[in-house]
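*Asks:* As a plain string of letters, each chain reads:
2 protein chains.
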Amino acid sequence: MISKKMENMVANSSAIRAMFEEGNRLAAKYGAENVFDFSLGNPNVPAPEAVKKAMIEILSEEDPIVLHGYTNSNAGYEDVRQAVADSLNERFGTNFASRNITMTVGAAGGLNVILKSLLNPGDEVVVFAPYFGEYRSYADNYDGVIVEISPDTETFQPKLDEFEKKLSPKTKAVIVNTPNNPTGVVYSEETIQKLATILEKKQKEFGTEIYLISDEPYRELAYDGVEVPYLTKYYANTVVGYSFSKSLSLPGERIGYLVIPDEVADSEKLNAAANVATRILGFVNAPTLQQKVVKACLNEKTDISYYDRNRETLYNGLKELGFECIKPEGAFYLFVKSPVADEKEFCNTAKKYNILIVPGSSFGCPGYVRMAYCVAYETIVNALPKFAELAREYR
Amino acid sequence: MISKKMENMVANSSAIRAMFEEGNRLAAKYGAENVFDFSLGNPNVPAPEAVKKAMIEILSEEDPIVLHGYTNSNAGYEDVRQAVADSLNERFGTNFASRNITMTVGAAGGLNVILKSLLNPGDEVVVFAPYFGEYRSYADNYDGVIVEISPDTETFQPKLDEFEKKLSPKTKAVIVNTPNNPTGVVYSEETIQKLATILEKKQKEFGTEIYLISDEPYRELAYDGVEVPYLTKYYANTVVGYSFSKSLSLPGERIGYLVIPDEVADSEKLNAAANVATRILGFVNAPTLQQKVVKACLNEKTDISYYDRNRETLYNGLKELGFECIKPEGAFYLFVKSPVADEKEFCNTAKKYNILIVPGSSFGCPGYVRMAYCVAYETIVNALPKFAELAREYR
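So the sequences go chain by chain: P and W.
The first sequence begins at 1 in our numbering and counts up by one.
The second sequence begins at 1 in our numbering and counts up by one.
These are calculated hints, taken from the structure and not from any lab test.
Backbone N, C-alpha and C fix where the C-beta goes; we use that ideal spot for every residue, glycine too.
Treat the hints loosely; a few may be bogus.
Stated by the list, open to error - Straight-line alpha carbon distances no greater than 27 Å define the calculated DSSO-like cross-link-like pairs of lysine-lysine that follow: (1) W/Lys4 - P/Lys4; (2) W/Lys53 - P/Lys295; (3) W/Lys5 - P/Lys4; (4) W/Lys344 - W/Lys301.
Said to hold, decoys possible - One-sided excerpt, in silico: chain P residues whose CB lies under 10 Å from chain W: (5) Pro46; (6) Ala85; (7) Asp86; (8) Ser137; (9) Arg254; (10) Ala277; (11) Leu289; (12) Lys295; (13) Asn299.
Stated by the list, open to error - Just a sample of chain W residues kept apart from chain P, beta carbon distances all over 12 Å, derived: (14) Lys5; (15) Arg17; (16) Tyr30; (17) Asn34; (18) Val105; (19) Lys165; (20) Lys166; (21) Glu209; (22) Val226; (23) Gly256; (24) Ser267; (25) Lys269; (26) Gly317; (27) Lys352; (28) Pro385.
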């Protein structure tokens, strides 16, 4: 009796649930410290102390009727939106105003809001494999059609020749995610420039507008001083979806924002549509206390040295064992080549060693597996001998 | 370039925005204390002191990684869901378990989750006028078709004869909202029993399942000791959408829950679908701090004596002036008959006296206006002489 669209999704989610329950089963049997769960992107570095301080201060000082009330605009508190715009302008030399900012229920909420605002049934949404699998559902929510660009498994930068060929008059949006989940790769400035040139050209050719949606939950998680280009500066029709889930370790609180710059085609209408979509999709407004908290903490950052140490340790450890993997420059994932073509088999074998990892098929890139290293350092250290045993099975 | 569906909605929302800006303009011109804004359902009684205390305690005591992290299940923290189930069982003699509870981003989030879970394109969703206008958008999000039952303007109880006739093999859901926005009427036990009987009969006749969705943001706002029947006890296929927005004055924080009882057809699958829908619609999970807060405050209540005094004062004041209105037993709205058939004209005339009210057309019931009395008591006292002047125009 449930909706037909949901039937398949419930079936798929049972698979994820089964994996989660397998982790619990293993933990109960062998002890949690002997299970090496690299399956989830749940930050394990606590929110900065300033976040807790800000929450308590705001709760102590602000009028609860205003603080916990509906915001006047569904896009959020005016002062918060202005502060976000100011902060971006200072960091990236952009020129945003509060009208360009819509506070959202995390990046997932923001992506739904912008896709609801843009898509007509049958519109195409281009993604570069490997990509966050939820994009499929987000596009499908509005009857959009996902068009996949196959992965360049040398560099994991977007394959731009294939991209150019697959753009069509029905292309309404392109989603990029850099630093990338699942590879940790940061798209280079050169990549972004070429991508922008192709989009400009195809817009002209088709007489359409193609919106580039930059999904940026991992923006602040970049290592070795690598620069993550700010995409609105390269292509006018760019919308940014940001989340504080990872930058402030607040994933459960559901707080982020959309940037829809004035330069975007139909900007005023699109901002108005995002406002309405926020309301009618049932978000109504981003959680109000958290709006005030992120305003107070725009200059705070999570301790990325923790993730960095994990990155080096897991990457170097796996390379020494003979695994193939590109070194991630951002996020907290390692995308490792499966030693056998069927990476699901590899994931199953890993389970024998109490190692939980996710098949690349979930990201449109079979033959690889994702390991989330947002775990305790000890988990990595203790997992490496198990990885060694696992590697031996494939020699 | 925005989505076609959104074009109209953006146009409509401009009208609401214009009204809001009119309020600001009037306030700037005449002083906020001389503007009588009865247009918004934003609670003006602060959250109970216990809520603030709970927030600060939880922030001080709980591990931030868990407190602000993703919940293991998209349906929410297991302990919170169990506490909600226990509390309902104690209050209403029901028999819910944690598996029947999905924590949601308010009632608006919950309604979207359940409609996403249930509807196929073209499925009919029955509503009783007058009704909360957002239902139209929520159903449309999933290509559902709203079927309106015309209002019984004597009692504002559902017109059950028309209801029975308009049910069809395509009816997938019926939404009721009691205490009602915009009338304040509580559907009587007799009404609920008859409604259940009709639904049972029609399910049998059509060989279908018809889900009754009880939207309950105003459950705790009932006056004069009136009982608000708990609908799962009258009809097996009942799903409840609840919100803490009004009961704890936390509308901006976006916290509520869905109840999908075991008795509901396909209950297990529907609970699984609600879980998935929570994820893919971009909610991911209800805000985690607020989940813990409502668990700690399940026995707290907002001070409804404040709304009650407003209700009596505005209702009696308007009746004395000759306005026609049913006395509300719940919520914080008065639904007043317009002295002229075109109630939009009446709303415009009211503006001359700095009185802001909402046309009944927004609720599928032209000829009436909604006044939200969740305002300062003084606003009502000071507005009454203005209402007297307004009444004089129509004598």
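*Asks:* Now, for every hint given, state plainly whether the structure supports it.
*Replies:* Consistency of the hints with the structure:
Simply put, W/Lys4 and P/Lys4 have alpha-carbon atoms about 24 Å apart, close enough for the 27 Å limit, and the pair holds. For a cut-off of 27 Å, the pair hint linking W/Lys53 to P/Lys295 stands: about 23 Å separates their Cα positions. Restraint check: the Cα-Cα separation between W/Lys5 and P/Lys4 comes to about 22 Å, which is no more than 27 Å; the hinted pair holds. A threshold of 27 Å between alpha carbons decides the hint, and for W/Lys344 with W/Lys301 the separation of about 36 Å lies outside it, so the pair is violated.
This hint holds: P/Pro46 has a C-beta 4 Å from the nearest C-beta of chain W, less than the 10 Å allowed. The criterion of a C-beta within 10 Å of any C-beta in chain W is not met by P/Ala85, whose closest approach is roughly 20 Å, and the hint is violated. Annotation: interface hint on P/Asp86 violated; nearest CB of chain W at approximately 22 Å, more than 10 Å. At about 4 Å, the closest approach between the beta carbon of P/Ser137 and any beta carbon in chain W falls short of 10 Å, and the interface hint on this residue holds.
Taking 10 Å as the C-beta cut-off, the interface hint given for P/Arg254 holds, the closest approach to chain W being about 5 Å. With its C-beta approaching chain W no nearer than about 7 Å, P/Ala277 sits inside the 10 Å limit, and its interface hint holds. Below 10 Å, beta-carbon pairs count as interface contacts, and P/Leu289 has one with chain W at about 6 Å; its hint therefore holds. The beta carbon of P/Lys295 is not positioned within 10 Å of any beta carbon in chain W (closest approach about 14 Å), and the interface hint is therefore violated.
For the restraint placing P/Asn299 at the interface with chain W, the shortest Cβ-Cβ distance is roughly 19 Å, beyond the 10 Å limit, so the hint is violated. Separation of W/Lys5 from chain P is inadequate, the least Cβ-Cβ distance of about 8 Å not exceeding the 12 Å criterion. Annotated as non-interface, W/Arg17 brings its C-beta within 12 Å of a C-beta of chain P; the closest such distance is 8 Å. A cut-off of 12 Å between C-beta atoms confirms that W/Tyr30 is not in contact with chain P; the least separation is 19 Å.
In this structure W/Asn34 is separated from chain P by more than 12 Å, as the shortest Cβ-Cβ distance comes to about 20 Å. With a closest Cβ-Cβ approach of about 6 Å to chain P, W/Val105 is found to fall inside the 12 Å limit, against its non-interface label. With a cut of 12 Å on Cβ distances, W/Lys165 stays outside the contact zone with chain P, its closest approach being about 24 Å. With 12 Å as the threshold on Cβ separation, the claim that W/Lys166 sits away from chain P holds: the shortest Cβ distance comes to roughly 21 Å.
Its beta-carbon lying about 5 Å from the closest one in chain P, W/Glu209 breaks the requirement of being farther than 12 Å from that chain. With a least CB separation of 26 Å from chain P, W/Val226 remains clear of the 12 Å interface cut-off, as annotated. Consistency note on W/Gly256: stated as away from chain P, yet its beta-carbon is not over 12 Å from all of that chain's, at 10 Å minimum. Chain P draws W/Ser267 into its interface by the beta-carbon criterion, the shortest separation being 10 Å against a cut-off of 12 Å.
In this structure W/Lys269 is not separated from chain P by more than 12 Å, as the shortest Cβ-Cβ distance comes to only about 5 Å. At roughly 24 Å from the closest C-beta of chain P, the C-beta of W/Gly317 stays outside 12 Å, upholding its exclusion from the interface. With a least beta-carbon separation of about 24 Å from chain P, W/Lys352 lies farther than 12 Å from that chain, consistent with its non-interface assignment. With a closest Cβ-Cβ approach of about 26 Å to chain P, W/Pro385 is found to remain outside the 12 Å limit, as its non-interface label requires.
Of the numbered hints listed earlier, those contradicted by the structure are 4, 6, 7, 12, 13, 14, 15, 18, 21, 23, 24 and 25.
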